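> From just these sequences and the hints, can you work out the full model?
Sequence lines, in order, name chains A and B. Heads up: take any position in the first sequence, counting from 1, add 15, and you land on our numbering. Heads up: take any position in the second sequence, counting from 1, add 15, and you land on our numbering.
Do not rely on the hints blindly, as some may be mistaken.
Any copy will do: because identical chains look the same in the list, a pair fits if it lies in one copy or spans two.
[Stated by the list, open to error] Taking lysine-lysine pairs in the DSS-like style, the calculated list, with each CA pair at most 25 Å apart, reads:
1. K78 - K168
2. K188 - K131
3. K131 - K189
4. K178 - K65
5. K189 - K65
6. K90 - K188
7. K178 - K131
8. K65 - K78
9. K78 - K90
10. K178 - K189
11. K65 - K173
12. K64 - K78
Keep in mind that the hints were calculated from the coordinates and are not lab data. None of these values were measured; they are calculated from a predicted model.
2 protein chains.
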Amino acid sequence: MDNVRVVVLRLGHRLVRDERVSTHLALVARAFGASEIIFPEQEDLDVQKKVEDVVNRFGGNFKVSFGGAWRNIIKEWISRGGIVVHLTMYGVPLPEIIGEIRSRNRDVMVVVGGAKVPREVYSMATYNVSVTNQPHSEIAALAVFLDHYFEGKEFYLKFDNAKLRVIPSPSGKKVVSIGR
Amino acid sequence: MDNVRVVVLRLGHRLVRDERVSTHLALVARAFGASEIIFPEQEDLDVQKKVEDVVNRFGGNFKVSFGGAWRNIIKEWISRGGIVVHLTMYGVPLPEIIGEIRSRNRDVMVVVGGAKVPREVYSMATYNVSVTNQPHSEIAALAVFLDHYFEGKEFYLKFDNAKLRVIPSPSGKKVVSIGR
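Listed below in structure tokens is the structure:
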């Protein structure tokens, strides 16, 4: 699974109103091992800037990208052999399906939306997966999905070219600057 | 661990600005098995109403409560024998400490804040725990912590007195109304 690429497709982003939730989604995607988040509907430069600031300081190659119709993005992903996992409270419980998803060893596009995801997404997705069947948060669903998918690998990720690194501490804040 | 009570203490909530993030935190707390979220600083009736609407429809006994100084709430929790887990990107990595936290078999208060958590919280907490040492989202950190703490038990929770129940589906939305 080491060469599998995971990207996140964020549907339903609205300017200003969703800036904070979408920034959380992007930062979770990065911290938990995805390589990119795509916003097909709205080019939100504020979100992009915030995430790029984190990448610049904490390293790695995570990308925020825009554009294209979501339908085409999903179709193209599938036509290239990738699978599409749509996270929804209506889907199949994560523990029942994560083994199968992992064992396919394909690139994964994780689709996250808000309340109003078009019906078509459900039928286009390879898997509709629930992180509990209760209403909560797409941010939480994304994090828990990626944690299960990568089996905790995110706790040991190294981010290249970081300027700052946190040194885990039982009782305070330790951050080191890394000279280049 | 069946009788352990888990509550969430939300620091740094600001009216209007943080409504959505705090609502996500509360819904994650509920869906992942906590019994209560406490807002010590701001009485936000909009958040409370949104969460109570979910409880009313999807069941359970989750509570949103307000008031008290956070310092006293933490002190009282500890004096009653509970432990306090503060989630922070600077803390000890979750996989290194979750076994110990679980094995203590005590009531747990999970403290989540934003960027500006007072220094004193770090010293008062029984454990400062990181869900990766990267910046991302307190919502994601809470969900992953609770998932690991409960070892996936949240996927099998039953919520009493639900009016609606989602029936997991591979490709659509199935919701049943439950007559009472």
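> All hints are to be evaluated individually against the structure, with a verdict given for each.
Structure-based check of each hint:
Taking identical chains as interchangeable, the C-alpha atoms of K78 and K168 lie at most 25 Å apart only when both belong to the same chain, with a minimum of 20 Å there against 34 Å between chains. In this homomeric assembly, K188 and K131 come within 25 Å of each other (Cα to Cα) only across copies, at 12 Å, whereas the closest approach inside a single copy is 40 Å. Taking identical chains as interchangeable, the C-alpha atoms of K131 and K189 lie at most 25 Å apart only when they sit on different chains, with a minimum of 15 Å there against 42 Å within one chain. Taking the closest pair of Cα atoms, K178 and K65 come within 25 Å of each other only inside a single copy of the chain (16 Å); across copies the shortest separation is 41 Å, beyond that limit.
In this assembly of identical chains, the alpha carbons of K189 and K65 lie at most 25 Å apart only when taken from the same copy (22 Å versus 37 Å across copies). In this assembly of identical chains, K90 and K188 lie within 25 Å of each other by CA distance solely across copies; the values are 22 Å between and 45 Å within a copy. For the homomeric pair K178 and K131, the shortest alpha-carbon distance between copies (21 Å) is at most 25 Å, but the shortest distance inside one copy (39 Å) is not. Proximity of K65 to K78 under the C-alpha cut-off of 25 Å is restricted to the intra-copy arrangement: shortest distance 12 Å within a copy versus 34 Å between copies.
Taking the shortest alpha-carbon separations for K78 and K90, only the intra-copy value of 21 Å comes in at or below 25 Å, while the best inter-copy value is 43 Å. In this assembly of identical chains, the alpha carbons of K178 and K189 lie at most 25 Å apart only when taken from the same copy (14 Å versus 48 Å across copies). For a Cα distance limit of 25 Å, the shortest separation of K65 from K173 inside one copy, 20 Å, qualifies, whereas the shortest one across copies, 39 Å, does not. Taking the shortest Cα distances, K64 and K78 sit within 25 Å of each other inside one copy (11 Å), while across copies they are farther apart (37 Å).
When held up to the earlier numbered hints, the structure conflicts with none and fits them all.
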